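Top to bottom, those sequences are chains S and C.
Position 7 (the first sequence) corresponds to 856 in my numbering; numbering is contiguous.
Position 27 (the second sequence) corresponds to 499 in my numbering; numbering is contiguous.
It is possible that part of the hints are untrue.
Stretch-level coverage of chain C by chain S, calculated; a stretch enters the list once three of its residues show a Cβ under 8 Å from a Cβ in chain S [what the hints assert, rightly or not]: (1) 508-514; (2) 517-526; (3) 575-583.
Listed next, with one range per pair, are the computed distances between beta-carbon atoms [what the hints assert, rightly or not]: (4) C:I484 <-> S:P888: 17 to 23 Å; (5) C:V486 <-> S:S860: 36 to 42 Å; (6) S:N870 <-> C:P511: 17 to 23 Å.
Calculated from the structure, these hints are not laboratory results.
Since we're looking at a predicted model, the values are computed, not measured.
Where a beta carbon is used, it is the ideal one built from N, C-alpha and C, also for glycine.
Given next are the chains, with one letter for each unit.
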Amino acid sequence: GEDVEQSLFLSVREGDSSVINCTYTDSSSTYLYWYKQEPGAGLQLLTYIFSNMDMKQDQRLTVLLNKKDKHLSLRIADTQTGDSAIYFCAESPQNRDDKIIFGKGTRLHILP
Amino acid sequence: EAQVTQNPRYLITVTGKKLTVTCSQNMNHEYMSWYRQDPGLGLRQIYYSMNVEVTDKGDVPEGYKVSRKEKRNFPLILESPSPNQTSLYFCASKVTGGIGYTFGSGTRLTVV
Chain S
850 GEDVEQSLFL SVREGDSSVI NCTYTDSSST YLYWYKQEPG AGLQLLTYIF SNMDMKQDQR
910 LTVLLNKKDK HLSLRIADTQ TGDSAIYFCA ESPQNRDDKI IFGKGTRLHI LP
Chain C
473 EAQVTQNPRY LITVTGKKLT VTCSQNMNHE YMSWYRQDPG LGLRQIYYSM NVEVTDKGDV
533 PEGYKVSRKE KRNFPLILES PSPNQTSLYF CASKVTGGIG YTFGSGTRLT VV
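With the hints as constraints, model all of the structure from the sequences given.
In structure tokens form, the structure reads like this:
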């Protein structure tokens with residue numbers, strides 16, 4: 850069935866790059882997403898990539914998609930304390946406009 | 473401001489006492505969805521709605537009801553809450569064919 854896997858924790862020193870990885874099972878997914886959840890808040894769509902793209906860059910964020918390996922990554926350059934949050938990888942199955950399947954989330958901890 | 477509004481933000485209730493969590497969006501979105509977030513399990517879809525009077529079960533619908541009498545509102549009803557429904561609940565909405573859901577701030581429900 851459909852599944853999204855990601856590691857649960859990542860610690861990064863302030864100023865370094867953070868790389869959060871994710872694998873998914875549904876090769877027909879139309880979109881893949883990264884959502885950010887700050888403490889006590891809802892989920893915010895951080896960025897997304899269409900399935901026919903390999904890479905997308907948006908300021909400090911770089912998304913890489915390897916469709917062959919069903920691997921998605923999010924790189925945050927120059928990580929700041931404000932980046933401390935839970936990051937969810939998610940996919941939209943083809944022909945299911947209603948549905949987004951989320952991974953369990955990666956908690957990013959910033960070390961001073 | 474475009475947003476999804478949930479109420480209440482926090483709720484403590486007793487087993488068996490019917491409750492309703494309200495959700496409203498002001499973006500004229502067709503799709504609305506309820507998710508629950510639990511530690512170690514991530515986000516799971518409870519119910520979704522593609523438009524007024526059209527609702528369908530998600531992955532974990534047992535113990536919940538929804539209605540969609542108006543486009544902007546999508547209440548979540550727990551007829552007889554049980555402790556295993558203690559969770560963080562999110563309402564979300566999106567336009568048909570749109571990219572990703574917009575989430576509310578969440579409702580933390582505790583059933584004792």
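Hints and how they fare:
1. 508-514: As far as the stretch 508-514 of chain C goes, the hint holds, because 3 residues have Cβ atoms under 8 Å from chain S.
2. 517-526: holds (count 3)
3. 575-583: holds (count 4)
4. C:I484 <-> S:P888: 17 to 23 Å: For P888 (chain S) against I484 (chain C), whose Cβ atoms are near 20 Å apart, the range 17 to 23 Å holds.
5. C:V486 <-> S:S860: 36 to 42 Å: holds, 40 Å
6. S:N870 <-> C:P511: 17 to 23 Å: holds, 21 Å
Consistency with the previously given hints is maintained throughout, with no hint failing.
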